[in-house]
Amino acid sequence: MIAVATSPIAYRVAASLLQVAVVLVLGPLLLGLMSKTRARAEGRRGAPVVQPLRDLRKLMGKERLRSEHTSLVFVVAPFVVLATTVVAIAIAPLITTHPALGTSADVLVVVFLLLTASVALALAGLDAGTAFGGMGSSRSMTIGALAEPALLVAVIALSVQASTSNLPDIVAGTLAHPAWSSSPTRLLALVALMIVVIAETGRLPIDNPDTHLELTMIHEAMILEYSGPDLALVTLGAAARLGLLFALVANLFFPWGIGSQGSYLGLALGVAALVAKMCLIAVGVAVMEVHTAKVRLFRVPELLAGGFVLAVLAVVTGLVTR
Amino acid sequence: MLCYAALAVPFLAGVLAAARPWHPRTGWMMAVAAGLVLALGIALSASTAGGVAITALHGAIRVDALSAFMVVVIGAVALLAALQTSRVMSYEIASSVTTPRLARQYAVLFQVFVTCMLAAVLAANLGVLWVAVEATTIATTFLVSHRRTDRSLEASWKYVVLCSVGIALAFLGTVLVYFAAIHAGGHGAHHHAATLDWTSLMAVSHRLDPGVMRLAMALLILGYGTKVGLAPMHSWLPDAHSQAPAPISALMSGVLLTVAFYALLRFKAVADGALGPAFPRAMFVVVGIGSLLVAASLLIAQRDYKRMLAYSSVEHMGLLALGAAAGSTLAIAAVLLHILGHGITKSVLFLSSGEIDHAEGTTEIAKVTSLLARRPALGGVFGVGLLSLLGLPPFALFASEFNMARAEVDAGLWWVVAVSLGCLAVIFGAFALHARQLLLGDGVADPVAAPRSVIAPLVVALAACAAIGVVAWPLQHLLTAAAHVVAP
Amino acid sequence: MSLLLVALGLCAIASLLGALLPAPARVTSSSVLVLAASCCAAASSVSALRGAHVTSVHSTALLPLTGMTMTLDPLGAVFVAITAMVAAAVSIYNLGYVTGALGSRSASCLLPVFVLSLLAVPVAASVATLMFFWELMAMSSMLLIAVEHRHRAEARDATLWYGTMTQLGAGSILLGLLVLTIHGGGQSFASIAAHAGALPRVARSTAFLLVLLGFASKAGAVPLHAWLPKAHPEAPTPVSALMSGAMVATGVYGILRVGGDLLGGGTLWWWVAVAAIGVVSALFGALHATASSDLKGLLAYSTIDVVGLVLVGVGAAGALSVTGRRGAAELTMVAALLLLVAHAAFKGALFLGAGAVDRAAGTRDLNLLGGLARRLPVTSGLFALATLTIVAVPTLAGFSGEWLLLQGLLHGFGGTSTPTLITLLIGVVALALSGGLTAVAFVKAFGIGFLGQARSAGASRAVEVPRAMQLATGLLCVPCVLLGVAPGLIVPWLSRAANEGLHLRARRPVAEGTSLVLSRFQGAFEPLLVLAALAAALAAIWIVTSLAARRGRRRVAAWGCGREAQTPRMQYTATSFGEPLQRVFVDVLRPDVDLEVTHETESKYYEQALAYENRVEDAVERSVYRPVIAGFRRYGDAVRGLQNGSIHRYLAFGFIALLVVLVVLA
Amino acid sequence: MGTAYAPVLDLAAGAVLVCAVLTLWRRDVRAIVTMLALQGVALAAVAGVLASHQRDAGLAVTAALVLAVKGFVVPGLLRRVVRADPGSRETAPLVNVPASLVFASALIVLSYVVSAKVIAVSPSAASRLVPIGIATVLVGYFMLVTRRRAVSQIVGLLLVDNGIALVTFLLTAGVPLIVELGAALDVLLVVVVLQVLVVHIRDQIGTSELDQLRELRD
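Residue numbers (the working numbering), protein chains in the order written: chain A, 1 to 322; chain B, 1 to 488; chain C, 1 to 666; chain D, 1 to 218.
Source of the hints: derived by calculation from the structure; they are not laboratory data.
Take every hint as true, because none was put in to throw you off.
Partial list, computed: chain D residues near chain B (C-beta under 8 Å): (1) Leu144; (2) Gly182; (3) Leu197; (4) Asp218.
For glycine and all other residues, C-beta sits at the position ideal for the given N, C-alpha and C.
The following block holds chain A by itself, in its conformation from the complex (with noise of 0.2 Å):
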């Protein structure tokens, strides 16, 4: 396995705030150049890419409607949601392999960090006492119960290919050995990741973004009593979980580009890197998104419990193969 090399502090909270800033920013961004993919896809004109970013300051100038039953659960949801994608953004080695978090914390953190996100959204769903809060809770926490084994595997079998659960050594290890990346492990474990990347960023076929059909929504029923600058929060968290999915399934599999002497040109060369990286993967999901067509909540199981196969069959070629 590789080591990492120890860098200065000072490069490494500014290479995790860097990290943070680029997602925060490029998450929104992804969803208005995913829509307006989709849009030119289907001959629309569609709407600017930095749709997103505008409807978040338009949401932070509203007002904070909540429902008379809510309690403190229902306030203190939306902060959480965002600080733990924050959180583990700083952790994970997007635009460097030497995050500030990088060395004290590893990828079943990340994983167990957005499942504490989910976990308080779903709360705050049930917390407004209405029906549709309930159903998108419960629908978004059966696929969550889902997706979240399947994405623990998966990055249970790329650790054990770098024989550790530490994201800047797998990053690292897929540096230092190019042959990894092509390897039978990584590619099921791309798929399956890929799957539940979906699933968590509830982008079709499991749940359609843009619908607000009661009977359909996941997402959107769980956030409906949300209003003015609470949305807006659930919503950059949304968007920065989907960032952060992109970026890692990035740098896992991809991880050109990506800085790892340390220093601050290299980070440069990274965001861009990265930017590059994500953009093509939103643009990729997006076609895809076009040609779907969204499934019934009881097939969506299947879907998931095929990415799970996957990822276990990742992990038993990674023990046969090494």
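Following the hints, put chains B, C and D in place on chain A, whose structure we already have.
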């Protein structure tokens, strides 16, 4: 001196009871007598614990640690039974179930019964032991049929016929032992009274003819086994125990069975000398497992709580048989502890079940419910008694059963332990099922308090049972001393 | 050790006082004494864990024909500590909780006995001593389940089930231990451990299997779990907490003590079997937890789940140590112990919280609860904390345990035998799946039970419970946080216990300072840093939003698609919340659903009323236990004919016996 | 009478067994009781012969005792029971008479096989006859199992007892006197007890058909 007293006290009490018409005082007098017997038993145990044996009446009476221990058991259970007698007789007379005349007869027979059992354990001569055991049958017949109901008469008929024929086989066995002893004794066909004495039998036990002894032991186990209540000769037991008045059921289940088992222990020691342990062990294992299986099977769907207790006696006698099969000193010590613990527990249970019968007017499990709510004290005593009976700590039966199992495994009988543990689990389930019906549930009426005079002795007895289950001193010493009499 | 004996003595006195004193005094006095006892026990166990040399006492004055032997070693000390922790909280809780049945003479006499036996089992050092306290534990807990028997038929059934199954288990344990003494010099653990090597392999395996049966059923492992979902909910809350937190752990202790310590590791397939049981239990428990709508029942099933994970860890550790990977073995073993300690804390807290809810709202049925978060702020807060702990939110105790376990499994993968690899693999899978399901179950428990609108009059009238109960629940929440934020403080003790328990002699530190650092493998988790980062992020976000937000906040009616009033009946219920998952796993859960529609008299196209019922029965109980019980009942009825009252038949029994004997002898 | 000793002994012992088998054969309870009395006399004869042969005073006393108790007292008691219960015939035994006799012969064979080991210890004119005693015991037991009448059960019990007594005389020329006395007393008392019980049962339940006693069962 002590042993004369042990025989005389209950006998004189019987004479007194016969002399004057029934009066509740008679009951208390009987209790005092039983208490004296208990005290004498303790004194005897203390003086024989060193391994010495007291003989009296030209060697007709011989008290070693084992006999002394049995005297203690008899005294303890008789005390418990006698303490309830006056109450039972009073309400039976009040409800004209019985008459003062019958009550007097009851008191006399009670004392005769106790005297016979004492004679059985104090006799030096195993023939006399047989006579005494057979006499207990006669003494108890009219105690079983005391109530003069159809059922009690039926029970006592079955009791007498089954036990007499069984015990007759035991006599045949004794005769064969005697025959073997004469021919082992060297002095031709000339018999003399001492040949059947314990000491002289043990002296020649290794020279006894195996063929004869094998037959004899088989007959003895069948014969005394009938009285002990071992399957398949157990059939009289549930009938008699369920029909007799509560104190008599307590005495029969608590000590009569174990007095017969005491006889088996003696003969087993002789047979071990002649045959080695293998054959007696095989016999005891067969009857022991059989009894456990019978008890377990018939307890599952049991409908009468007195019969339930009776079958549990069959179970415990089976456990004793398995313990005897192991035969080591530890095993026998555990067996004796079990005899004491079972005696106390079972008499407590029969006495409290008598109270329940009196209060509820039925012995059907289905018709009695939520006793804990409706009669807290009585139900509590019954429930705790059941816990003790099922061999849960801290009661004595846990220690005894654990050590019997240990000894059996040491003797290579681990499969026996496996089977018996299985049966015990089934029995536990059955008892739990019936106890739920009897004890648990909500009371319709407001709680009824049972008289303190009834509950107090039972509580004390259960406390004692728990104490001997936890504290080793001084019982352990006596147990090992007694075990050494019949175990190498 | 002496302190522990003091603790046992205090418990004994407490039970005596509980039996003798009048009503108000007995509860207070026995609770206070038990509290003192658990403090003593905690102190002694800590001293043992911090490396005080192993002490042992033997008394011939107790237990006739065997004597009593006790030894306090690090392995036992862990479990003494677990019991002490829960017992302390419970005894405080009692001061506020006790009402009606639990205040009865018998209950206040038995609860200290239960604690006593729980404290004594891990230090028992001879078969006799162990069985004595084991059975004492079984008896006291059985009677404590029955405490509510007057008003709850379920309590009576639970008593019956628990009593019978625990007795079966005890029998199998006893037999197994006795088989070990066949060649052993005696029944003391020391001599068994000394002679175990001489035993033939078959005997050792038989013994381990028998013991495993007994202990696994006490630990509530599937398929021997049938008693647990009945007993834990029916017992009075303090008893449920003790059973779920401490008693279940004794089952794991037994497996470790016999398999790891006395038999010195044994063979590979033992541990594969243990892990397999664990996997099944984890998935089964988690799944049923998602389907249950009784708050305490949900907690009971989640106990099966967590114990399953612990058994996975134990099994993996055993397998790894047998195949010589001591480092990974230590890791998994420590993880299992940490998970067990954490479970005692959060499950105890959850049960105490559930009891508080039951008392405040008068029901445990999630479908009748809701809206408690604002009525019982303290209880809800503590319950929420415990919930997050079991969901394994980072920097809380549950996560530390699962993180270590995953690390252990991950690093165990390096070049071991195939059975071990498979064990580790299914371990990972089980951990992952049960993690997701647990999240669903507990989002349901808290979200439906405490948030939203009250679904019943009882819930809407709920008022906060006495301070003592809140304090007790809070006390158990302390470890939940402590073990999560600074696991490094406790882990060295656990790894000492693990090394002693499995004879690993690995001694590779797993912790540095407050954080978990795998000295041998690449991997670390520094909860304090992560926590700091979270705090910073929260603060930053809060500041930014409160600066950016330009308008205030307002309370309005929830949006109901233009419908005015949102009645509580419109909310998702626990059943509906779990329904999608139920559909996914319908083949395992096999719910019996019946929907009956009463139509309007005018036209069958208009419904007047809908009655929907959705029951999920325990699959194992339905398909295994019930048929067996029915079989026994049939057999029992059949053999009654044996004693048909005919004296001739009775005589014939004896006669045939005589003839058989004569023929055999002839 | 040294020469006549063995044949006489054989004759007397044989008589005991014949009486036993005859009790199985006859149905009239009165006749059965008579058979029992004859058997008692025969038993006493065996004891007497042995006593005179071994010059054993104690045995002579026993013989007299046996003659008194088993020859006259016990049968007398039974006759009183029978008289109190007119028309009491062993109507339908559970095993019919021919089958019973066949079974009895099987039992006799078995008893010969069993007692071989016993005889082997000290073969003598007396011990050769032990099988007869065993057979009597078994036949008595068989009667107990198969006969419905209360009285015939008592008789069965006494057959068992006589058989054992016969074995006793033949093997060991009687057990110690104290035991002998005790045993005899016990037998007497048992019969008395049973007789009283029969009376009670008849008063209470109005039958001496034991099949009526089926109240107590599981």
